[in-house]
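**Q** Here the protein sequences line up with chains C and E, keeping their order.
Each residue of the first sequence is one higher than the one before, counting from 1 in my numbering.
Each residue of the second sequence is one higher than the one before, counting from 1 in my numbering.
Read the hints as simulated data drawn from the structure, not as lab findings.
Fair warning: this is a prediction, and the values are worked out from it, not measured in the lab.
Don't take every hint at face value.
The calculated lysine to aspartate or glutamate pairs, modelled on EDC-like cross-linking and capped at a C-alpha distance of 20 Å, are [what the hints assert, rightly or not]:
#1 C:7 to C:58
#2 C:65 to C:54
#3 E:101 to C:58
#4 E:101 to C:54
#5 C:65 to C:96
#6 E:58 to E:85
#7 E:101 to C:96
These stretches of chain E come out as covered by chain C in the derived footprint (C-beta under 8 Å, 3 or more residues) [unchecked claim]:
#8 12–22
#9 104–111
A few chain E residues that don't get close to chain C, going by computed Cβ distances all over 12 Å [to be verified]:
#10 69
#11 72
#12 82
#13 86
#14 88
Just so you know, even glycine gets a beta-carbon here, dropped at the ideal spot from N, CA and C.
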Amino acid sequence: SAVISQKPSRDICQRGTSLTIQCQVDSQVTMMFWYRQQPGQSLTLIATANQGSEATYESGFVIDKFPISRPNLTFSTLTVSNMSPEDSSIYLCSVEGTSGLSYNEQFFGPGTRLTVL
Amino acid sequence: AQSVTQLGSHVSVSEGALVLLRCNYSSSVPPYLFWYVQYPNQGLQLLLKYTTGATLVKGINGFEAEFKKSETSFHLTKPSAHMSDAAEYFCAVTGSGGYNKLIFGAGTRLAVHP
């Protein structure tokens, strides 16, 4: 399994500002995923981040709004840019298990709870 | 393309009663199926998964699920509910090859009352 931490755990931001969320994994992983969970709803994949290449965004999500960095195999950041109240959500990162029994599993961080005023 | 349908956004059971959370999936490739649990203000924790082999899979906390290909279902059960089982449960599907993008169902909130 993988242990994942996220910073910050929560934040309250003003509209028009940007917030960068960090995701740190305790082991090297190829693929990292960023999800959004809007209030009372399920998880929606924002993008997939591979080290050394540009992130792949899902339909409805664009790089200008959600730029992602993946500088190495244990770390990634997601920025929520020019925020509006509609961006209030929990943002979660996840990684895929790569060996043994954890192969094909995704392990999730604790999430970052964002409120935009 | 893949999708997941969870029947019942809210399920309420008595402590000690059977828990049954329903999940149906659609997949154009052999699916891998997962159940995750989310406790209040926490991230997601994997309960169990089906990839290949035995269709009845057992997970943590006494939960199990059965993959029924003919019914395209992967329902989650637990013989006897405990108060600590109160949480949000998500069924998810991914393809068995290559890019492992998880598609989540809408979730089912389980309430357990004394």
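**Q** Is it correct that the beta-carbon of residue 82 (chain E) has no partner in chain C closer than or equal to 12 Å?
**A** Consistent with the label, residue 82 (chain E) stays out of reach of chain C, its closest Cβ about 23 Å off (over 12 Å).
**Q** At 12 Å, judged by beta carbons, does residue 86 (chain E) keep clear of chain C as stated?
**A** holds, 16 Å
**Q** Taking beta carbons only, do three or more residues of the region 12–22 of chain E come closer than 8 Å to chain C?
**A** Not satisfied, violated; 0 residues make the cut.
**Q** Holds or violated: are the alpha carbons of residue 65 (chain C) and residue 54 (chain C) at most 20 Å from each other?
**A** holds, 15 Å
**Q** Hey, is residue 88 (chain E) genuinely clear of chain C, shortest beta carbon separation above 12 Å?
**A** violated, 9 Å
**Q** According to a criterion of three or more residues whose C-beta lies within less than 8 Å of a C-beta of chain C, is the region 104–111 of chain E covered?
**A** holds (count 4)
**Q** Quickly compare the C-alpha distance for residue 101 (chain E) and residue 58 (chain C) to 20 Å and report which way the hint goes.
**A** It holds: about 10 Å lies between the C-alpha atoms, which stays within 20 Å.
**Q** What's the verdict on residue 101 (chain E) and residue 96 (chain C), does the C-alpha distance respect the 20 Å limit or exceed it?
**A** At roughly 10 Å apart (the allowed maximum being 20 Å), residue 96 (chain C) and residue 101 (chain E) satisfy the hint.
**Q** Mind checking the alpha carbons of residue 65 (chain C) and residue 96 (chain C) for me, to see if they're no more than 20 Å apart?
**A** violated, 25 Å
**Q** Is the straight-line distance between the alpha-carbon of residue 58 (chain E) and that of residue 85 (chain E) 20 Å or less?
**A** holds, 16 Å
**Q** Quick check for students: does the CB of residue 69 (chain E) sit more than 12 Å from each CB in chain C?
**A** holds, 18 Å
**Q** Taking 12 Å as the cut and beta carbons as the points, is residue 72 (chain E) off the interface with chain C?
**A** holds, 19 Å
Checked against the numbered hints listed earlier, the structure breaks hints 1, 5, 8 and 14; every other hint is satisfied.
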